[in-house]
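**Q** Now for the letters of each chain:
2 protein chains.
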Amino acid sequence: MKMSHRSLPDKTIERLSQYRRNLLICLSQGKHHIFSHEIALIHHITPVQVRRDLMLIGYSGTLRKGYDVKELIDLIGLILDTEEGLKVAIVGIGNLGRSLIGYFSGKRSKLNIVAGFDNNPDKIGKIYAGVHCYSSERMQEIIVEEEISIAIITVPADNAAIVAERLVMAGIKGILNFSPKPLNVPPHVYLEEIDMITSLEKVAYYVKKQL
Amino acid sequence: MKMSHRSLPDKTIERLSQYRRNLLICLSQGKHHIFSHEIALIHHITPVQVRRDLMLIGYSGTLRKGYDVKELIDLIGLILDTEEGLKVAIVGIGNLGRSLIGYFSGKRSKLNIVAGFDNNPDKIGKIYAGVHCYSSERMQEIIVEEEISIAIITVPADNAAIVAERLVMAGIKGILNFSPKPLNVPPHVYLEEIDMITSLEKVAYYVKKQL
DNA sequence: ATAACATTGTGAAATACTTAACATCAAAAA
DNA sequence: TTTTTGATGTTAAGTATTTCACAATGTTAT
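Taken in sequence, the protein lines are chains A and B.
Residues in the first sequence are numbered from 106 upward in steps of one, following this note's numbering.
Residues in the second sequence are numbered from 106 upward in steps of one, following this note's numbering.
Just so you know, these hints were derived from the structure itself, not from any lab.
These figures come from a predicted structure and were not determined experimentally.
Wrong hints could be hidden among the right ones.
Copies of one chain are not kept apart here, so a pair can be met inside one copy or by any two copies together.
Stated by the list, open to error - Computed list of lysine-lysine pairs in DSSO-like fashion (alpha-carbon distance at most 27 Å, straight line):
#: 1; residue 1: Lys136; residue 2: Lys175
#: 2; residue 1: Lys175; residue 2: Lys314
#: 3; residue 1: Lys314; residue 2: Lys231
#: 4; residue 1: Lys231; residue 2: Lys215
#: 5; residue 1: Lys175; residue 2: Lys313
#: 6; residue 1: Lys170; residue 2: Lys231
#: 7; residue 1: Lys116; residue 2: Lys175
#: 8; residue 1: Lys116; residue 2: Lys231
#: 9; residue 1: Lys192; residue 2: Lys175
#: 10; residue 1: Lys170; residue 2: Lys192
#: 11; residue 1: Lys314; residue 2: Lys170
#: 12; residue 1: Lys192; residue 2: Lys314
#: 13; residue 1: Lys212; residue 2: Lys116
Between the sequences and the hints, there should be enough to build the whole structure, so can you do that?
**A** Encoded structure:
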């Protein structure tokens, strides 16, 4: 089990996260070993792809018995997680923000949403599924104080740019942006964008093509 | 302006959708021509990539004046949209569902959310930002009746599989799935998955790497 | 008129990612 | 004990996507 994964492909990272989630389910069902073709089936990919991913992270299964579920989960954790975990803030406590808080609360112990921010005075001071909502004005202060390193932006498009700028100034290291406006961040801040409108238009394109 | 784009790269489709959104903003600001490097700057990609995409859709700009914004928007529309538009249903009117309804309502005239479905009796019969919420039991009936071709799944993970199955049976052609469980659909149904947990874990991975 | 320039369009190279092909080997079967 | 089987691990080939390099050419400056 060598640790020689200097730089894993982007797509492999995504799949590792997905593998882990389903491996945890397998484990909870009492399944302790799994074959590459079983993992592949769950994720609708080829067994070779699974084996390649595991090869890249330096994991070896047992011939004819497959992979040890528990070991694999732990190894993926070693790659994706930090030991102490990372703190996450969510900016914009609208429907989307609250939905995300719901998704994450309690689930992944290594990524905790520890603060929410919003401008709406009705929301400030309230607690949503365990997450305290603060005034946006206190963003910088609390991010520094709590050592929050990741932010999720779920504010309306027009506010996203200014929010991002303030997050960067506060020392945020990674941003997950749901606003459909491309953001401008310095290269030392990792930016991941989820563009739901584009995703839907893409579905529409392929539906059209098939008609 | 030839129409020889038998099969555009997946990534090009995504970018076209994004280009269009920002071109519409340019147009509304009175900008009628745009250079490849200007488009590139907005989207944080290279000018060559922009030119390549436009080449692939068979659009030619004017040397030294760049691209005609209006023409380009129209051409992208010709590729991404159907003339009559497509109808969209949203299954699961929780926080995420309502947030998506908010995003799309009124914005894109060619993709209209025309129905929502939920099991919660409190929600059935209500109207959310113009979208009527029906009982999930009427899903099949209404999809057929209204000729809905696209569905967005925003139900909890455990219900997603059965929802997908029923959507396929009802004749849905494309699905945008927000549940973190990989779905199983026949090959004639286009499936796009947005995995918010994976996206966040990916951000965490790159943040960790940079530390 | 001519030269310098800035921009487009594109073949070819480079990079990133996936899949095929197969050597290897432990377990099960004969 | 030997053969067959069915899995892994990996090199090499294939595909998809991005970038390089540069020819072509209209516009502006001289």
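**Q** Look at each hint and say if it fits the structure.
**A** Okay, the hints, checked on the actual structure:
Taking the closest pair of Cα atoms, Lys136 and Lys175 come within 27 Å of each other only inside a single copy of the chain (9 Å); across copies the shortest separation is 57 Å, beyond that limit. In this assembly of identical chains, Lys175 and Lys314 lie within 27 Å of each other by CA distance solely across copies; the values are 24 Å between and 43 Å within a copy. Within a single copy, Lys314 and Lys231 get their C-alpha atoms no closer than 47 Å, and across copies no closer than 34 Å, so neither meets the 27 Å cut-off. Only within a single protomer do Lys231 and Lys215 lie at most 27 Å apart by alpha-carbon distance; the minimum there is 24 Å, versus 39 Å between protomers.
In this homomeric assembly, Lys175 and Lys313 come within 27 Å of each other (Cα to Cα) only across copies, at 23 Å, whereas the closest approach inside a single copy is 43 Å. In this assembly of identical chains, Lys170 and Lys231 lie within 27 Å of each other by CA distance neither inside one copy nor across copies; the values are 51 Å within and 53 Å between. Taking CA atoms no more than 27 Å apart as the test, Lys116 paired with Lys175 passes inside one copy only; the shortest distance there is 22 Å, against 36 Å between copies. Taking the shortest alpha-carbon separations for Lys116 and Lys231, neither the intra-copy value of 38 Å nor the inter-copy value of 41 Å comes in at or below 27 Å.
Only within a single protomer do Lys192 and Lys175 lie at most 27 Å apart by alpha-carbon distance; the minimum there is 25 Å, versus 44 Å between protomers. For a Cα distance limit of 27 Å, the shortest separation of Lys170 from Lys192 qualifies neither inside one copy, at 38 Å, nor across copies, at 48 Å. With identical chains, the CA atoms of Lys314 and Lys170 are never at most 27 Å apart, being 43 Å at best within one copy and 33 Å at best between copies. Proximity of Lys192 to Lys314 under the C-alpha cut-off of 27 Å is restricted to the inter-copy arrangement: shortest distance 16 Å between copies versus 43 Å within a copy.
Taking the closest pair of Cα atoms, Lys212 and Lys116 come within 27 Å of each other only inside a single copy of the chain (23 Å); across copies the shortest separation is 32 Å, beyond that limit.
The structure does not agree with the numbered hints 3, 6, 8, 10, 11 stated previously, though it agrees with the rest.
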